[in-house]
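Asks: Sequence:
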Amino acid sequence: METKAYMSGLVKHPRLSLVGKFFTSLVPPSFDRTESTLRQQWKLSGGLKVFPLEKDNIILFEFEHKSDKKNVIMDGPWNVDGIIIVLKQCPQNISMSDIDFSATSFWVKVIGLPYFQYTQADAVKIVNKLSDKPLISLEYDLSTRCFLVRAKINLRKPLSPGFYINGRGRKRPFVQFKYKNLGIFCEQCGMVGHRKCGEVTRVRPLTREFQTHVYGPWLRYDNDQAGNKSLPVKLYYVKPSSDWFGLEYEETVTFAQFYVRVVVDVIYASEHEWGGKKLTRSLLKSQYDFSFRFPCFPTSVIKDVIAFEIDGISSLEKLTEEDKEILVNNLVDHIMKQRKSWSGNKWVPFIVGVEKTVMIPPVDMEAMLEEDKDIELFETMKSKIYKLVGSPVGKSDDLVMKTIGDAIAEVGLIQFEDEYFEWWMRGVRDSVPERRLDDRNHKGVKVLGPDMDLFGTCCICQEDFILGEDATFTSPCSHLFHTYCINEWIQETPKCPLCCIQLQIV
1 METKAYMSGL VKHPRLSLVG KFFTSLVPPS FDRTESTLRQ QWKLSGGLKV
51 FPLEKDNIIL FEFEHKSDKK NVIMDGPWNV DGIIIVLKQC PQNISMSDID
101 FSATSFWVKV IGLPYFQYTQ ADAVKIVNKL SDKPLISLEY DLSTRCFLVR
151 AKINLRKPLS PGFYINGRGR KRPFVQFKYK NLGIFCEQCG MVGHRKCGEV
201 TRVRPLTREF QTHVYGPWLR YDNDQAGNKS LPVKLYYVKP SSDWFGLEYE
251 ETVTFAQFYV RVVVDVIYAS EHEWGGKKLT RSLLKSQYDF SFRFPCFPTS
301 VIKDVIAFEI DGISSLEKLT EEDKEILVNN LVDHIMKQRK SWSGNKWVPF
351 IVGVEKTVMI PPVDMEAMLE EDKDIELFET MKSKIYKLVG SPVGKSDDLV
401 MKTIGDAIAE VGLIQFEDEY FEWWMRGVRD SVPERRLDDR NHKGVKVLGP
451 DMDLFGTCCI CQEDFILGED ATFTSPCSHL FHTYCINEWI QETPKCPLCC
501 IQLQIV
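Residue numbers (the numbering used here): 1 to 506.
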């Protein structure tokens, strides 16, 4: 009886249920495929019942916990094999056939806004260009070039790729919209629900030199930049120096050990054609540094150890198995080829550089280049402001604000909003001289061989203590940290990271 009720469209528990329907002109996924895929994506804390309803290919989802239902709604939309399923609250006053499945809520990342040249009121205006439906929520930060918004998107209209805004004295930037969990859409007309149509592909200027398609994979927003192709990694080796790697303390090591430092350069690159030629642009966007040590095992064991450590490097987690194997084998071969130079030593350091290149669309490259320019501009502006303002103690707010305005004008910015003057005012007022640990009470040491196992790990960076590094015992609690780590820590709070006792600083 219960199954028949569901099949006829009657909902037993509407407050725990959602109804869904695929928005597509393609053949929708099967019921079994839909159920298994969504169960895997949703990761529910409680049970779920799924029922196909006879009318209009609608599917009913009944959750055991209200929190699961809420999370599914807030994290959507969802897609199965790239086809979006629109989920709606169960109706109480209308039949399911009257539900409008042509609109759904997306998380949209808005990028490309100039640093410190827009306000929250501007953000709301931007959202209105994104959607004619009411704003649902906005995650906004004054000091970034992007923000997240959740808004209802009409799927019967082309997706909005973004728009040009007033550069306020600078180049007119293009503000991009990136849609989370977008799935399949047409890169010719921008419509969700089909892959390709007969319309002429729309284009827009990207730079003065060339144009780009309006719609493309850059409309998708994923935290791990899914879909961007990584090229095979490149390796290079650097000869360790004694002052960097503690070689002068080698005689203190209790047993022979390898020390491997891995520097990962993440490089973004894009290709485009202009004047019949293929051009490539690249940008070093981030650098990561990892290190590990292990006893001087036989070659076969070394390979297993390095493979295990490489698996723990987060910036390399997207490597293909082939790339990972090449990296491990290449590093082991390099270590073995250098056997004559380290045979008989107790502390054997190596440094390997890994260049990981990710190919991205020209649209995303242009956004990254503009972001770098803005970061440089911001750092210049920050330096000028703090230099001109000096110590704000005893200065009137009017004088401090005028000085901030002078510094901003020096970098060529115009139409600077009052909201940002106030932001800089708070920063200047809150600025304090750099804190230092009182050397008369805190004990600094060099890490020696036996210390590496005795000291364990630094709780701030979660890294081991390595031969020759500087470490500090804090006073009065005698806890141990990397000297660099604790000096950085006390800039935020003068309390011990472990016991929260007040540290003696100057």
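Do not take every clue at face value.
Label-pair distances were calculated between CB atoms; the ranges are [as the list claims (entries may be wrong)]:
1. G46 x V238: 49 to 59 Å
2. N329 x N57: 32 to 42 Å
3. N154 x N329: 22 to 32 Å
4. H13 x P494: 23 to 33 Å
5. S137 x F163: 15 to 25 Å
6. N154 x K495: 50 to 60 Å
Just so you know, these hints were derived from the structure itself, not from any lab.
Where is the CB? At the ideal position from N, CA and C, for every residue including glycine.
Asks: Between N154 and K495, is the Cβ distance one that fits in 50 to 60 Å?
Replies: 52 Å, holds
Asks: Honestly, do S137 and F163 meet the 15 to 25 Å range at C-beta?
Replies: Holds - the Cβ-Cβ distance for S137 and F163, about 21 Å, lies within 15 to 25 Å.
Asks: Go ahead and decide if the range 32 to 42 Å is satisfied by the Cβ distance of N329 to N57.
Replies: Once the Cβ atoms are compared, 52 Å apart, the range 32 to 42 Å for N57 and N329 is violated.
Asks: Can you tell me whether the CB distance of H13 to P494 sits inside 23 to 33 Å?
Replies: Taking Cβ atoms as reference, H13 and P494 lie about 54 Å apart, which means the hint is violated.
Asks: If you check the beta carbons of G46 and V238, does the distance land in 49 to 59 Å?
Replies: 53 Å, holds
Asks: Honestly, do N154 and N329 meet the 22 to 32 Å range at C-beta?
Replies: With Cβ atoms ~53 Å apart, the hint is violated.
In summary, the structure is inconsistent with hints 2, 3 and 4 from the numbered list given earlier, while agreeing with the others.
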